[in-house]
Amino acid sequence: MSAVTETSLNLQAAPRPKLGWLITDSMSVSRRHLLKITRVPESLFFALIQPVMFVLLFAFVFGGAINVGPGGAQAYREYLIPGILAQTVMFAVAGITVGITEDAGKGIMDRFRSLPMRPGAVLAGHTLASLLQNTLVIGILSVTGLAIGWRIHGTFGEAALAYLMFAMFAYAITWVGAWIGLHMPNSEVAGTAGLAWIFPFTFASNIFTPVATMPGWLQPFVLWNPVSCLALAGRTLFHNPVPMLGHSFPERYPVELSFGYAILLLAIFAPLAVRAFKNRNA
Amino acid sequence: MTLAIKAAGLTKSFGDVVALNGIDIEVEQGTVLGLLGPNGSGKTTIVRILATLLKADSGVASVGGFDVVTQPDEVRSVIGLTGQYAAVDEYLTGRENLELFARLFHLSKVDAKKRADQLLDRFDLSDAADRGIKGYSGGMRRRLDLAASLIGRPNVLFLDEPTTGLDPRSRQGMWEVIEDLVADGTTVLLTTQYLEEADQLANKIVVLNHGEVIAKGTSDELKSQVGGDRIELVVGAASDLPSAAELLREFGSGPPATEPEIRTLLLPVSGGSSAIVDVVRKLDENKINIADIALRRPTLDDVFLSLTGHAAEDKTEAAGAPKGRRGRKARR
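These protein sequence lines are chains C and E, in that order. Here the working numbering is used: the first residue of the first sequence is 87, the next is one more, and so on. Here the working numbering is used: the first residue of the second sequence is 101, the next is one more, and so on.
Chain E extracted, bound-state conformation (with noise of 0.2 Å):
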């Protein structure tokens, strides 16, 4: 197997915070590696680390076989890094975006025109080509952005948050797309915080947490952990929970647990939907009233929750930067 990335012992600290301490990380060649993890968990500072935009205060890594730190141009000529934020200038048509960025990867101009026509047709772009970028959708911009990062038809691919603030058809495109690059053979190193968003995609995720490797390993793994679907159910009556939960055990994987505040039963089950008919059937048989049923998978909270015993944290803090005010140290 050939290693497209390859980190060890990454360690790196904004001021007395600690963001990442002590990440290792290998991507095979043609795969995808998703980081998942909630803000601040250290997932952008390390792709910063290794698209050569920021250097780690220990450890070694390179990309594509080459070192971030004594061969940076090489790195920078065989990846492509498409930000939490759109990086394309506001007032320049799409085309000369794409022409610019083309420009400074040192195609020659006839080359650029053509690779951006290219890249504005791939990502159905060229009826906004000429227009001002600042006109362009949310989804537009990203698909830009993305064109742009593929200039150089990178071997390597990082997407940081590709999706986050995307309206979901958006959401299914950007997919669909990155798994057309993948299927032509390009890594891709994805950071998100939706674990759907990791199961979709990656063929392997690494979860981060405080700026540590909690957990990895393939989704499936990763589920089996935290545990599989489970039902929650609401019934009518608080005092119908002893005897639902009775009536139920026999469908789960788990034995339910009830919260008898919000009438609630919680039932890993493994079936997925069908043990809902299952569950809907017993209960009516039973004369027992539900107000409300529904049937959950695993979140990033249920990976958290079962890996570290508390919720993710720090939803609302901003999007992964790496300066300001971070109130926290890693764990160690």
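Just chain C, with the same shape it has in the complex (with noise of 0.2 Å):
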């Protein structure tokens, strides 16, 4: 214990407004997070190599079988990588669970919870880091999508709109994944509930195979899945093969649709997230 002056410091929070300090407190947990990508790069590693995989299976080993039209394979793996996309947005919500349950288990949600910080920036900084991390995955999924054959033939101004789209999806989702981590008794449990939810939605729609391969009493969940939505206005967007199924609502507007369940998406789980978080055990 040495004796360092300590009365030279001002340990006063200066004045500033609640959305002020909610942007703030936002960015230091997101820069926690971050950090922490740094000194455990393999998750990032894992985090690519999953829809990498994806993308080789299904181009080289699957993609074969399955038929979008005219074009054979090249038509496909176009067809393939606003699928991926879609996937890889939706597998990175259950990295958030299981984060938010390990630091709940820890104590240090506790310590996060016994600061005079804004209560939201514990979940919108941990949201934030996740985004940055998705798009530097979306970002390389694309890169590697170009070296397989994939294209993108619309505008740039199209193709940016459809990144983000895919951007704000990705942040909307992760809302839901926090609201799931914050309810599990731990990270096993986490990792499991994580991903369970999402398989269904990932995969009960078109971003592997189209719509009217599925059985009929199944379409409907598949056209109005938001995976699928996304998947298919990336497409649009991307200008890639796009099987139609008929004229239904999320086939004419998939584009809208996206927003639309993005938005929503953030506007029911973001709060619930928040209340859950401010009244964890009470």
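What the hints contain is simulated information worked out from the structure, not anything from laboratory work. Please note: incorrect hints may appear among the correct ones.
Unchecked claim - Restraint-style ranges between C-beta atoms, simulated for each label pair:
#, chain 1, residue 1, chain 2, residue 2, range
1, C, L281, E, S158, 39 to 45 Å
2, C, A282, E, K155, 28 to 34 Å
3, C, I234, E, D221, 53 to 59 Å
4, E, R231, C, I109, 28 to 34 Å
The beta-carbon is built from N, C-alpha and C at its ideal position, and this holds for glycine as well.
Build the complex from these two chains, which are given one at a time in their own frames, with help from the hints.
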């Protein structure tokens, strides 16, 4: 114990509006998670390797058996990449579920909750860091896609809108993962539960196979499934093959619907998650 | 006198398990209150309520003059909390952790850096500052955790079992740190399972059992209730016990008790270790063989034994976790 003079420091918080604090606090928390990625680069590596493997598997192993119309294998590869982007966005959610459950189990959540910080910032910062990681993965996947023959045929504006849409949906859906993570007893359960709900949405979708190949009773779910909408919207904006089933609303307005889903998810799950965070154990 | 912590009629149930059954607590500014009790007695629940982490079912509580329910932000700006688990990020370095929490305490970037430096220095963590927490020892983690809770130089500090799981040397170090903080005027609410720890640090002690206060007072007051020290003597032959009891009666602060099956004699004493010398000399003069002799200080078990008539329960139960299986209700 050395006698450092502690009087020189101003420990009073500067006055700032609550929204301002929400932003700075979120940035601080976000920085924590980004630092963590640099400390455990393996996590990023495996977050990348999995979707790349899916790309290679479907492009070269399963793809030949799937018919998306004229154009054969090349057409399927163009069909596949927006689907893989949607899948990646979904699978990334499991990571935040586990991360939040882990924090809660370790007591660092209590530390956050006992600080005079904005309660929403812990989750906002975590989801923001997850979005940044996601953006990087989406970027690398796109490059992988280009390498195997995927092409963006649309305008620059359309492509930019597509990436904005993927990013926005990715951000919104991590709030669902955060909300689930706050209700899990431990990280093992979070690991399984965090994936369990993602599977039906991810695979009962059009990301790998056209809706027309699925049984009639399943088609409405697949059509309205947000993951399908996202993939379809991506294909539409990139001008990749879009095998249509009919003229249902989700097929006619996939881009609008994807943005709508993102806003809806955010509007529902962000407040729910923040409330769950505030009332933990209460 | 100014009260730093005031709680009245706190109750809390988890499902049909009553965790707190009407708790009243007052802690004067600049003093240390020790919450003493076995696992599951409600210590952690009280801390969590006072630190705004948990809402009580009924009752009122204020910390630093602010209501914990209606003014949580104000409460959070005057408290520090160190829980049973080191609440730091494993993957960050010690310095990064402290800077993170300082920023979240709304210090400016420059001040956060300075404050982290001060605390690292103060807790002898400067050398390890830029290493990841993963490589820290248990004692270092606790010190860092305590440092993190001191970032805003809190008026009121909650320490939930601050030394559980620490080796004796780290424990001693932690005690010294806490004593320094109190000397600087910090109010401390400390939970512990160790009577020795409460004895060392606390001005006043509240003993909890099954979510109720079963005793409160200074350490001396509690000890006098328990009956102070006692000598535990094992004689070489059980047949010597009656005569030993007769011979030693004069040294006891109460009558000796014998347990012939284990050749043991228990003698309450007030003179501490000098009583042992008297006992050994007397037995030696009378050629009674001593197999073992020890001076026993009262333990938490003894406190419970004398206050409730049975030993402290649930030693093995997960430490004060508010959730999970707990098979009994608070006694009324």
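Now for the hints, and whether the structure bears them out:
Distance hint check: the CB atoms of L281 (chain C) and S158 (chain E) are about 41 Å apart, consistent with the given range 39 to 45 Å. The given range of 28 to 34 Å is respected by A282 (chain C) and K155 (chain E), whose C-beta atoms sit roughly 31 Å from each other. A hinted range of 53 to 59 Å for the beta carbons of I234 (chain C) and D221 (chain E) is consistent with their spacing of about 55 Å. Range check, R231 (chain E) to I109 (chain C): Cβ separation about 31 Å, and the 28 to 34 Å hint holds.
The structure is consistent with each of the numbered hints, conforming to all of them.
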